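For reference, the chains in residue letters:
2 protein chains.
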Amino acid sequence: MIETQLAKARRGEITPEMETIARTEGIDPQTLMEGVSCGRVVIPANKRHRGLKPIGVGEGLTVKVNANIGTSSDHADPDEELLKLEAAIEAGADTVMDLSTGGDIDEIRRLILERSPLPVGTVPIYQAAIEVAQRKGGIVMMTADDIFEVIEHQATDGVDFITVHCGVTLSSLERLKIQGRITDIVSRGGAFLATWMIYNERENPLYEDFDRLLEIAQQHDITLSLGDGLRPGCLADATDRPQIQELLLLGELTERAWAEEVQVMIEGPGHVPLDQIETNVLLEKKLCKGAPFYVLGPLVTDVAPGYDHIVCAIGGALAAYHGADFLCYVTPAEHLKLPTPEDVREGVVATRIAGHAADVARGLAKARTWDDDIARARKALDWNKQIKLSIDPTKATQYREESKPETDEVCTMCGKFCAIKMVREFFQRT
Amino acid sequence: MIETQLAKARRGEITPEMETIARTEGIDPQTLMEGVSCGRVVIPANKRHRGLKPIGVGEGLTVKVNANIGTSSDHADPDEELLKLEAAIEAGADTVMDLSTGGDIDEIRRLILERSPLPVGTVPIYQAAIEVAQRKGGIVMMTADDIFEVIEHQATDGVDFITVHCGVTLSSLERLKIQGRITDIVSRGGAFLATWMIYNERENPLYEDFDRLLEIAQQHDITLSLGDGLRPGCLADATDRPQIQELLLLGELTERAWAEEVQVMIEGPGHVPLDQIETNVLLEKKLCKGAPFYVLGPLVTDVAPGYDHIVCAIGGALAAYHGADFLCYVTPAEHLKLPTPEDVREGVVATRIAGHAADVARGLAKARTWDDDIARARKALDWNKQIKLSIDPTKATQYREESKPETDEVCTMCGKFCAIKMVREFFQRT
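So the protein sequences, as listed, match chains A and B.
The first sequence maps to residues 1 to 430 in the numbering used here.
The second sequence maps to residues 1 to 430 in the numbering used here.
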């Protein structure tokens with residue numbers, strides 16, 4: 001019988017994970033412990049995940065960035081997934097989620113867990129549905145046991161957090177039906193469950209048997225990420241009744257999880273116009289009593305496939321500025337194909353930019369130091385330092401080397417008419 | 001003696017340019033004319049720019065995007081500049097600025113004007129300072145006549161708008177000196193003028209002889225873009241006294257320009273943390289009586305050279321949402337080198353995404369239709385239509401073709417477990 005980080009925090013125990021995180025974040029361990037104890041901070045750290053470098057997600061901490069990797073039925077190469085993991089780690093992701101739906105799902109997850117010092121998340125309904133489809137000929141043949149067995153199995157493997165779409169209920173689907181949407185359901189997990197529920201005329205087992213889920217989560221201290229199976233898939237569907245109905249239920253489930261000392265965070269949209277982002281964050285924080293908010297984007301326009309990492313950076317920066325704690329990246333490949341390792345890298349960096357911009361704007365201790373340091377290096381025309389301090393020194397080096405200036409102290413944008421050089425030389429002279 | 005668009009609007013004349021713009025924007029020509037008459041909208045359209053497709057910038061219109069092109073002393077190839085012009089036009093820029101500081105500046109500008117249906121802007125102080133440096137051995141030898149002659153010369157060539165750093169005055173430089181900044185001056189125009197002023201112990205001719213500038217602008221209906229020579233070059237310097245001192249002066253000059261029926265817009269920062277963007281837009285709108293705001297970025301962090309188009313998309317989207325009218329793009333090459341045509345393309349698309357996201361959020365008629373149309377194509381799994389409606393169909397096609405799904409109706413991200421496909425098939429069956 002293990003105790004969760006939440007249980008320990010409530011007893012006033014500062015765990016080794018809290019010590020590490022407090023050090024990294026530059027905050028007081030006591031403050032962090034209090035955040036965990038009231039559910040405003042989660043530490044997704046499964047005891048069976050060896051070599052884990054723990055991180056915290058929530059109030060008062062830097063914004064975290066998740067990178068989704070994993071195979072699909074159309075493209076399943078375990079080696080490529082490991083390259084994506086490597087790219088995510090190198091680019092500075094804080095967590096990865098293995099969303100594999102193709103190939104040997106167990107094997108790929110085990111490889112990723114073995115090699116990832118970052119917390120690893122999964123969406124167990126994928127494996128449950130896909131294996132049932134293979135075994136019984138259709139996902140609608142799935143039983144509640146099939147779902148919970150996969151969850152327990154993945155928890156035993158060492159998964160640190162799982163997305164569970166507990167709020168896709170008969171009542172939420174009723175709201176969806178009355179609403180009428182352009183894109184209906186765009187969540188894979190949501191689609192698996194909705195299909196199953198409608199066919200079987202049954203309630204979602206993850207909602208109906210939520211206590212069983214809590215028992216597994218408590219026993220492994222696996223953090224629940226309450227998924228938004230009814231998140232909007234386009235701007236037109238944002239902040240509508242099915243989305244908010246689901247969120248209401250997730251708020252109730254949050255309190256039930258806390259009652260069982262289970263750590264929980266809330267997943268959020270999705271596709272949301274710029275002017276609705278603040279409201280979405282505020283709603284989550286109010287309805288879910290301050291539980292950490294994990295947003296998927298949000299994407300502030302639907303028109304830019306091929307550039308959705310940029311679309312997501314805009315929405316993510318604004319969401320995090322208003323209080324979102326955890327940003328799921330989107331890669332340039334979103335809506336078009338499974339990402340490559342290079343797409344993963346681009347997605348992580350774009351999302352880290354968003355998170356850091358929000359950290360600065362929220363006045364987080366230490367965040368602005370980075371900007372000031374690189375600004376001083378820029379003023380000093382110290383290129384080595386500028387590049388070393390860049391969010392991606394490899395890319396910065398590549399750009400600089402592609403176009404060599406006549407004199408090393410400037411760049412080819414302004415050449416000898418570099419404003420910084422002119423002003424510096426002149427001010428030194430006078 | 002010509003009349004400016006502003007003069008005609010005040011007389012109640014709807015010009016052919018206003019007709020065209022009203023049609024493109026889907027608004028009433030009368031409304032547009034009223035916007036121009038009170039200075040809240042500018043139409044940068046020099047009569048001598050043949051083949052110009054006029055655009056409007058300001059209140060009630062879609063956010064516009066400018067692409068900076070032009071040579072530097074380290075890299076001056078006219079053919080490459082024409083390729084950049086082509087890339088900017090193809091990617092959907094609304095205007096271009098020729099910022100050339102290397103090679104035959106006159107010749108490059110004439111080539112660009114000849115081939116650009118988009119309004120063309122310049123920064124005449126570059127040519128003035130550089131030619132004086134070549135001719136007389138130092139930019140400090142420049143005279144007021146040297147500056148005004150270049151301005152008149154460029155106006156005669158057909159330039160539609162010019163950046164003039166009229167607010168870099170002895171009083172603003174005094175504020176700069178007292179303030180103490182990390183990056184001092186990062187504007188090239190600002191640096192040329194400050195250097196000249198301090199050396200010569202003279203006021204800025206563009207401020208002192210502002211009437212002479214207005215006369216040229218009125219005679220050619222060239223729109224003045226009042227430049228921010230003291231814009232912050234890093235987050236630490238944002239919204240400080242020299243920046244706001246300059247803005248106060250630009251507000252006064254705006255009213256003097258309007259008195260002479262000269263069209264005017266205001267340039268803004270620069271490097272600005274996310275939480276100061278709204279304030280910066282509000283200040284400009286108040287201090288400059290609603291004159292259109294043309295922001296350079298803003299960049300919400302200093303740490304991401306190689307990704308500054310993304311940094312700028314975040315800041316630009318938020319600035320435009322709060323009321324900025326015109327976004328100057330930044331390319332991934334910013335702070336590292338002169339951009340290539342490919343960098344230009346990336347910069348334009350990123351900035352168009354920001355502008356469009358703001359148009360949607362501001363509730364602009366027509367803007368959201370684009371998103372809804374692509375969302376419907378996505379729901380219908382109509383890939384040809386999705387790609388055709390994409391902001392950059394070439395890139396979307398390239399991504400899709402790099403990774404072929406087993407069946408054409410899905411993509412390799414989810415393969416046969418595509419949520420849209422599952423839900424659609426299932427809902428059709430039941």
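Misleading hints may appear alongside valid ones.
To be verified - One-sided and incomplete, this derived list gives chain A residues near chain B with beta-carbon spacing under 7 Å: (1) Pro78; (2) Leu336; (3) Leu338; (4) Glu409; (5) Phe426.
To be verified - Listed next, the in silico DSSO-like pairs over lysine-lysine satisfying Cα-Cα at most 30 Å (straight line): (6) Lys385/B x Lys416/A; (7) Lys366/A x Lys177/B; (8) Lys136/B x Lys404/A; (9) Lys177/A x Lys366/B; (10) Lys177/A x Lys177/B; (11) Lys379/B x Lys136/A; (12) Lys136/B x Lys421/A; (13) Lys177/A x Lys379/B; (14) Lys416/B x Lys177/A.
To be verified - Derived, one-sided and incomplete: chain B residues facing chain A with beta-carbon distance under 7 Å: (15) Phe210; (16) Leu214; (17) Tyr307; (18) His322; (19) Asp372; (20) Lys379; (21) Leu381.
Simulated from the structure, these hints should not be mistaken for lab results.
Since the structure is predicted, the reported quantities are computational estimates derived from the model, not experimental observations.
Here a beta-carbon is modelled for each residue, glycine too, at the ideal position from N, C-alpha and C.
### Query
So which of those numbered hints doesn't the model satisfy?
1, 4, 6, 10, 15, 16, 18, 21
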